[in-house]
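Assemble the dimeric complex from its two separately framed chains, guided by the hints.
These protein sequence lines map, in sequence, to chains W and X.
Residue numbers are given in my numbering: position 110 of the first sequence equals residue 110, and the series is strictly consecutive.
Residue numbers are given in my numbering: position 71 of the second sequence equals residue 71, and the series is strictly consecutive.
Don't take every hint at face value.
Stated by the list, open to error - For lysine to aspartate or glutamate, the following EDC-like pairs were computed, each having C-alpha atoms within a straight-line distance of at most 16 Å:
(1) X:K141 / X:E202
(2) W:K44 / W:D81
(3) W:K123 / X:E28
(4) X:K10 / W:D81
Simulated from the structure, these hints should not be mistaken for lab results.
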Amino acid sequence: MPHDQHSFVAPPEQRAAALEIVLRRKGEMPETFVHDFTEHAEEKWITDNGARMVARAWVDPSFRRRLLADGTTVAKEMGFDFPEHHRQLVVLENTAAVHNAIVCTLCSCTAYTIIGAAPEWYKDLEYRARVVRESRTVLREMGLDLPASVEIRVWDTTADHRYMVLPAQPPATVGWSEEDLAKLVTQDSMIGASRLQAIAR
Amino acid sequence: MDGMHDLGGKQGFGRVAYPSRPHDETWEPLVRALSAFALKSHIYNMDEFRHAIERMAPRHYINAPYYERHLTAVATLLVEKGVIAREELESQVNGGFPFAGPIGPGRKAAPPQTFEIGDRVRVRNEYVPGHHRMPGYIRGKVGVVVGISPRYPFPDSAGHGVQAPMEPTCDVRFRSRNLWPDSCDDALNHVGVFWSYLEKLEST
Numbered sequence: 001m002p003h004d005q006h007s008f009v010a011p012p013e014q015r016a017a018a019l020e021i022v023l024r025r026k027g028e029m030p031e032t033f034v035h036d037f038t039e040h041a042e043e044k045w046i047t048d049n050g051a052r053m054v055a056r057a058w059v060d061p062s063f064r065r066r067l068l069a070d071g072t073t074v075a076k077e078m079g080f081d082f083p084e085h086h087r088q089l090v091v092l093e094n095t096a097a098v099h100n101a102i103v104c105t106l107c108s109c110t111a112y113t114i115i116g117a118a119p120e121w122y123k124d125l126e127y128r129a130r131v132v133r134e135s136r137t138v139l140r141e142m143g144l145d146l147p148a149s150v151e152i153r154v155w156d157t158t159a160d161h162r163y164m165v166l167p168a169q170p171p172a173t174v175g176w177s178e179e180d181l182a183k184l185v186t187q188d189s190m191i192g193a194s195r196l197q198a199i200a201r
Numbered sequence: 001m002d003g004m005h006d007l008g009g010k011q012g013f014g015r016v017a018y019p020s021r022p023h024d025e026t027w028e029p030l031v032r033a034l035s036a037f038a039l040k041s042h043i044y045n046m047d048e049f050r051h052a053i054e055r056m057a058p059r060h061y062i063n064a065p066y067y068e069r070h071l072t073a074v075a076t077l078l079v080e081k082g083v084i085a086r087e088e089l090e091s092q093v094n095g096g097f098p099f100a101g102p103i104g105p106g107r108k109a110a111p112p113q114t115f116e117i118g119d120r121v122r123v124r125n126e127y128v129p130g131h132h133r134m135p136g137y138i139r140g141k142v143g144v145v146v147g148i149s150p151r152y153p154f155p156d157s158a159g160h161g162v163q164a165p166m167e168p169t170c171d172v173r174f175r176s177r178n179l180w181p182d183s184c185d186d187a188l189n190h191v192g193v194f195w196s197y198l199e200k201l202e203s204t
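If we strip away everything but chain X, and leave its shape as in the complex, we get (with noise of 0.2 Å):
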């Protein structure tokens, strides 16, 4: 989905706040742990609790603290699970308990094609409603395979909870004039694209 949190090459933000100021807020690692024991027990997996902080409205996304958009997503998955009821969340706080939208269908792997390292691919011209793991700086964009990775869950299946096909990914690399014409750094931007969202292009 084209949600806020695909922040990559968005113009208007200011400078870094760089270093960091010290940062001690007790209920973080309490978020932290109980979104580790969810993800350990198997109750989702990694995919889904992306896909649930992406769910989130972008207005509550774009305030909300790193954490908070972590504490968002377990007690969204805990409540769709039906590992936890809502009321029982809601009847703990005094105010409003807020939750992220309703979950789609997902979709399915494309059929299987394989890359090499080298090859010159483009990244499909394709919008999906759904969880994926393609930077929208990318979409329709031409670079080169410079590395090949192990499978992974695909992540348009998994995080959806849908059984989900094993499938490698590519590191693409892009040049940064050719994503941002005109408006950038010059730089090489690499990319792990998951083999479904490419298409190969004969070498020139």
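The following block holds chain W by itself, in its conformation from the complex (with noise of 0.2 Å):
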């Protein structure tokens, strides 16, 4: 259909659908990819992936060591997998005088396998514009209002390693099962926009 950038444009699902369609016609793609991928993503790759990690980070101090210095090993021997192109999990440590926040500035990189699938928020244009510049102030109107001797560092993900935060623990916590605190960590303190605190188990 003959088109130019002020005609009407289709619908994004409508043109979703004429991709597949055609795909699948050119038997290009198996009949189950779409069903299969689509599952394996959501069940496998979730926010309860880097929780574990977090919370045996927490209560083993040797597998803190090695998660800091070699992230992507750690994460494979727990199950975890990772798509080709994320060659290296880089995990920065907050702690109460260090405040890590990630962000993709070029487009929206993630490691999604291990901290689930991006947020809306992280991928939305002020996001990526302004917490490079206005992190404390991005910070604050999101909800984390961090004392002024807190350092705040930020990290684009501009190459093929992928950043995850290690929040820190909430004290009150210290003694918790793994499991147990395994529940308290969300994805947003695993991408550094809020700070974790007990809640009554």
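Structure follows, in structure tokens:
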């Protein structure tokens, strides 16, 4: 159908369906690929993966050291997978004095197999444009009012390594089981948009 | 290229919509799967995919939801690679099917050099017409190497379907006030920078 930039553009759902139809017609794509891929993505690439790594790092100092030194190997040992182009997982440690926050200003890269699919706000133009330049202001607007003494470190995901924040453990949770601790860990805390607090078990 | 995608430090944007509203569009997982299929099948690589998004008309880019940008890139690359024909797609829809703009030749990596943690480096003052992964806010700026990565395909070649050398990146630490003097919050900014984009400075 002829068109130019001023004509009516077909809605994205129609264009996506067209792409699937044409690819199938070519015999390029197996019948079950979309279903199988979507199921794998939704069942395996979940926030719980990163949360389990964080909780174990809180209770096991040698695991924590290994996670900070070589997150990729540790994640693979726990059975988590990476797409071909995620070649390294770099884990950034939050402390009382340091707060790390992750962004991808050029697109929206994340360690999605480890922390789950990126939330909408992470992909929004507002976050990508502003968090590198107005980190403290943006985090405050998002509900994280960091004391002036806390140093903010922003990490822009421009290469083929993926970052994950190791949140600081809430002091009130020392002594909790690894399983209970994992339930505390949110996706936002592993991006650096929030810090964790103890909630009643 | 200095495209619309290069958003870091751009001013005028409002508050981040946080937390995100519930979001359930069935075509989005479909696009994610189609994109994954093409990538897994090595019809194109990740840098070609990113560059196809960057080649979208700026007005389209800025208005399109995240997965519409992916959809446009996948369709563009499948047509450019000869897997499907543009007319086949257009005949399936009522209305226009926008594609990304044309692709240029790309470029080669810089002559080999090495960097170590602690090196003071300057990001080269380069203006590249094709794909690269240097956000504009660090162009010409000075920082310190705090990490060295494994070797990755050099994006400026890989993004153009050209045989790409494997090259490490440095995680370079900048002070926000050196990037945007007098108009930023104080922070340390880190960017993964390919070695070809860097020059080493004498230590002070």
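So, going through the hints one by one against the coordinates:
{"no.": "1", "hint": "X:K141 / X:E202", "verdict": "holds, 15 Å"}
{"no.": "2", "hint": "W:K44 / W:D81", "verdict": "holds, 9 Å"}
{"no.": "3", "hint": "W:K123 / X:E28", "verdict": "holds, 14 Å"}
{"no.": "4", "hint": "X:K10 / W:D81", "verdict": "violated, 35 Å"}
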